[in-house]
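K.L.:
Chain by chain, the residues:
Number of protein chains: 2
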Amino acid sequence: MKLATLKNAARDGQLVVVSRDLSKAVAVGHIAPTMQAALDDWSNVSPKLAEVAAALEKGEVKDSFAFDPSRAMAPLPRAYHWVDGSAYVNHVELVRKARGAEMPASFWTDPLVYQGGSDDFLGARDDVPVPSEEFGIDLEGEVAVITDDVPMGTKRDAAFDRIKLVMLVNDWSLRNLIPNELAKGFGFYQSKPATAFSPVAVTPDELGTAWSDAKIHLPLVVHVNGKPFGQPNCGVDMTFDFARLIEHIVKTRNARAGTVLGSGTISNYDRSLGSACIAERRTLEQIEQGKPVTSFMKFGDSVRIEMFDSDGRSIFGAIDQKVVRAG
Amino acid sequence: MKLATLKNAARDGQLVVVSRDLSKAVAVGHIAPTMQAALDDWSNVSPKLAEVAAALEKGEVKDSFAFDPSRAMAPLPRAYHWVDGSAYVNHVELVRKARGAEMPASFWTDPLVYQGGSDDFLGARDDVPVPSEEFGIDLEGEVAVITDDVPMGTKRDAAFDRIKLVMLVNDWSLRNLIPNELAKGFGFYQSKPATAFSPVAVTPDELGTAWSDAKIHLPLVVHVNGKPFGQPNCGVDMTFDFARLIEHIVKTRNARAGTVLGSGTISNYDRSLGSACIAERRTLEQIEQGKPVTSFMKFGDSVRIEMFDSDGRSIFGAIDQKVVRAG
Numbered sequence: 001m002k003l004a005t006l007k008n009a010a011r012d013g014q015l016v017v018v019s020r021d022l023s024k025a026v027a028v029g030h031i032a033p034t035m036q037a038a039l040d041d042w043s044n045v046s047p048k049l050a051e052v053a054a055a056l057e058k059g060e061v062k063d064s065f066a067f068d069p070s071r072a073m074a075p076l077p078r079a080y081h082w083v084d085g086s087a088y089v090n091h092v093e094l095v096r097k098a099r100g101a102e103m104p105a106s107f108w109t110d111p112l113v114y115q116g117g118s119d120d121f122l123g124a125r126d127d128v129p130v131p132s133e134e135f136g137i138d139l140e141g142e143v144a145v146i147t148d149d150v151p152m153g154t155k156r157d158a159a160f161d162r163i164k165l166v167m168l169v170n171d172w173s174l175r176n177l178i179p180n181e182l183a184k185g186f187g188f189y190q191s192k193p194a195t196a197f198s199p200v201a202v203t204p205d206e207l208g209t210a211w212s213d214a215k216i217h218l219p220l221v222v223h224v225n226g227k228p229f230g231q232p233n234c235g236v237d238m239t240f241d242f243a244r245l246i247e248h249i250v251k252t253r254n255a256r257a258g259t260v261l262g263s264g265t266i267s268n269y270d271r272s273l274g275s276a277c278i279a280e281r282r283t284l285e286q287i288e289q290g291k292p293v294t295s296f297m298k299f300g301d302s303v304r305i306e307m308f309d310s311d312g313r314s315i316f317g318a319i320d321q322k323v324v325r326a327g
Numbered sequence: 001m002k003l004a005t006l007k008n009a010a011r012d013g014q015l016v017v018v019s020r021d022l023s024k025a026v027a028v029g030h031i032a033p034t035m036q037a038a039l040d041d042w043s044n045v046s047p048k049l050a051e052v053a054a055a056l057e058k059g060e061v062k063d064s065f066a067f068d069p070s071r072a073m074a075p076l077p078r079a080y081h082w083v084d085g086s087a088y089v090n091h092v093e094l095v096r097k098a099r100g101a102e103m104p105a106s107f108w109t110d111p112l113v114y115q116g117g118s119d120d121f122l123g124a125r126d127d128v129p130v131p132s133e134e135f136g137i138d139l140e141g142e143v144a145v146i147t148d149d150v151p152m153g154t155k156r157d158a159a160f161d162r163i164k165l166v167m168l169v170n171d172w173s174l175r176n177l178i179p180n181e182l183a184k185g186f187g188f189y190q191s192k193p194a195t196a197f198s199p200v201a202v203t204p205d206e207l208g209t210a211w212s213d214a215k216i217h218l219p220l221v222v223h224v225n226g227k228p229f230g231q232p233n234c235g236v237d238m239t240f241d242f243a244r245l246i247e248h249i250v251k252t253r254n255a256r257a258g259t260v261l262g263s264g265t266i267s268n269y270d271r272s273l274g275s276a277c278i279a280e281r282r283t284l285e286q287i288e289q290g291k292p293v294t295s296f297m298k299f300g301d302s303v304r305i306e307m308f309d310s311d312g313r314s315i316f317g318a319i320d321q322k323v324v325r326a327g
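In order, the protein sequence lines correspond to chains A and B. Residue 1 is where the first sequence starts when you use the UniProt record's numbering, and the numbers rise one by one after that. Residue 1 is where the second sequence starts when you use the UniProt record's numbering, and the numbers rise one by one after that.
Be aware that one or more of the hints could be misleading.
The list makes no distinction among identical chains, and a pair is therefore deemed to hold if it is satisfied within one copy or across any two copies.
Heads up, simulated SDA-like pairs for lysine to any residue below, C-alpha to C-alpha not over 25 angstroms straight-line [as the list claims (entries may be wrong)]:
1) 97 x 298
2) 184 x 153
3) 215 x 312
4) 155 x 176
5) 251 x 182
6) 155 x 325
7) 251 x 186
8) 155 x 179
9) 251 x 129
10) 227 x 273
11) 155 x 33
12) 97 x 180
13) 155 x 292
14) 184 x 110
What the hints contain is simulated information worked out from the structure, not anything from laboratory work. In this text the structure is predicted, and so the values were computed from the model without any measurement.
So here's chain A without its partners, still in its complex pose (with noise of 0.2 angstroms):
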């Protein structure tokens, strides 16, 4: 089943079904009027969303209309809770090899994790305002599940179950903001403005076999300007996987129905497959060349982010952005 949220008069949007192949929506509201409502109460009213699902495949639901990705919303287009981890430990390591601090071994087995702003989500084909180019602006390409009710004390074992839906990601970074915000010691809050997500959330069921150890064994396909920037495998590398991350997030209080969790920045070993954001290709750069040779994002640029089925199909729809100036 695909979900999405098309733009309205309400802040919460409208909810939809999608067709597999993206062409067609139907209106759900009469289901579930949100895509929180339907979460809240997702063992319900899932059941019911995917009786609209295959009635749509079968072309047998009578009000579809054509499914336009600029109309979309984030599939859930405020959260409670957005969670992004660090999953891509390679990229951590990478990072910090280039400015010469050697990673904790740690690192490998306690998941990083940052809790991000989920009050203002973009949708994908959102423009990205920014006051100031100064601020060092980049993607980052990365995957997201979206959560039902998870218990404070929830093991690894357990959480698979509690993965309902899977999104793409662009989780913008302000790179020059970080240094200043980490060295204060609480965190990232200025340097990541607000993030976006693909055009629809899918259940993990829509991946076939390409879902599997709550992670996705398939490339993410990232172009900058038009051109192709990198396609680094989601499913390789990736040091924790979903339900190691929840167990993570839940070992001193609840997540409750509508937690987004992210993975990070998708980072392959294999740096022939590129990178998923502007930070990590800078870096390889400054290691192989002595110095970062490819800016960070400009007004007017642009970033795609997309996934592929065995058959070339996209899954999620394409985010699709433009970087334009604040205010």
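Keeping the supplied structure of chain A fixed, place chain B upon it in accordance with the hints.
P.N.:
Structure of chain B alone, referenced to chain A:
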């Protein structure tokens, strides 16, 4: 106007207007189904709620009932954005001094904030479940405001009017998890379990002259296990007022309606007033006596946080919680 949310079968509870003396309440679901819904449309909704509040004071409301703070959820039971400042910089300076670290001068001009978990807030009388006493269980007595929409780039002068409600906070901390977590560089996560709020949130006008310059000029009265622990004045030594903190949090993003913004632990240079967290008291003991004497909290320990007007009446009702073993 005073507002609360009472527990019912729904995740977002029942919005009620509460009388000034906290004795009576009346359900206002016909005006706004939830606190978030009220905040989403505050300029239209709040005058209607104010009419009910005025009628309640006059005894002209038929369906009022006794207000029971033990039935209160957090006024906003789950929020899309909870960001906590560290506005009493003297506290940060003190803690750093105790461990022999100098505080950068920029801390006096550049606010420190972290983003906290907001999907699972605690009500004022809810037990506080923690997996282990070894985690170093500590209270943090604070005040917080709730805003409506604040656009990116809003400056301090324009931020005052964005403050719609004021509450008390107990920002629970797990002190022994903090050093490892901050060493990883991404800020707090496991070291910050669910946060608790006062039974009611009030509009700033309810504070009269005690609300000025986007600060509350009253003591926060803290008891631990029934004994006085501290009563620092929230209007004293608050380096950054709430309007300045708002300017900080919208530098690179919008803050959407229902943003909860905390002050950080209240702390005065006048140490005779006591502290609003155990960590500060332990730091003072370290400095004065060579070692910390006061223990962090154990299962069964309780904390009460309250604020009184000039006539000795409780403004927000009391946060009064007991720490229990999780699970």
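K.L.:
It remains to establish, for every hint, whether it holds in the given structure.
P.N.:
Consistency of the hints with the structure:
no.: 1; hint: 97 x 298; verdict: neither (27 angstroms within a copy, 42 angstroms between copies)
no.: 2; hint: 184 x 153; verdict: between (30 angstroms within a copy, 22 angstroms between copies)
no.: 3; hint: 215 x 312; verdict: within (19 angstroms within a copy, 57 angstroms between copies)
no.: 4; hint: 155 x 176; verdict: between (37 angstroms within a copy, 22 angstroms between copies)
no.: 5; hint: 251 x 182; verdict: both (24 angstroms within a copy, 16 angstroms between copies)
no.: 6; hint: 155 x 325; verdict: between (44 angstroms within a copy, 18 angstroms between copies)
no.: 7; hint: 251 x 186; verdict: both (20 angstroms within a copy, 17 angstroms between copies)
no.: 8; hint: 155 x 179; verdict: between (34 angstroms within a copy, 24 angstroms between copies)
no.: 9; hint: 251 x 129; verdict: between (35 angstroms within a copy, 12 angstroms between copies)
no.: 10; hint: 227 x 273; verdict: within (14 angstroms within a copy, 62 angstroms between copies)
no.: 11; hint: 155 x 33; verdict: neither (32 angstroms within a copy, 36 angstroms between copies)
no.: 12; hint: 97 x 180; verdict: both (20 angstroms within a copy, 21 angstroms between copies)
no.: 13; hint: 155 x 292; verdict: neither (41 angstroms within a copy, 35 angstroms between copies)
no.: 14; hint: 184 x 110; verdict: both (22 angstroms within a copy, 10 angstroms between copies)
In this structure, the earlier hints numbered 1, 11 and 13 are contradicted, and the remaining ones agree with it.
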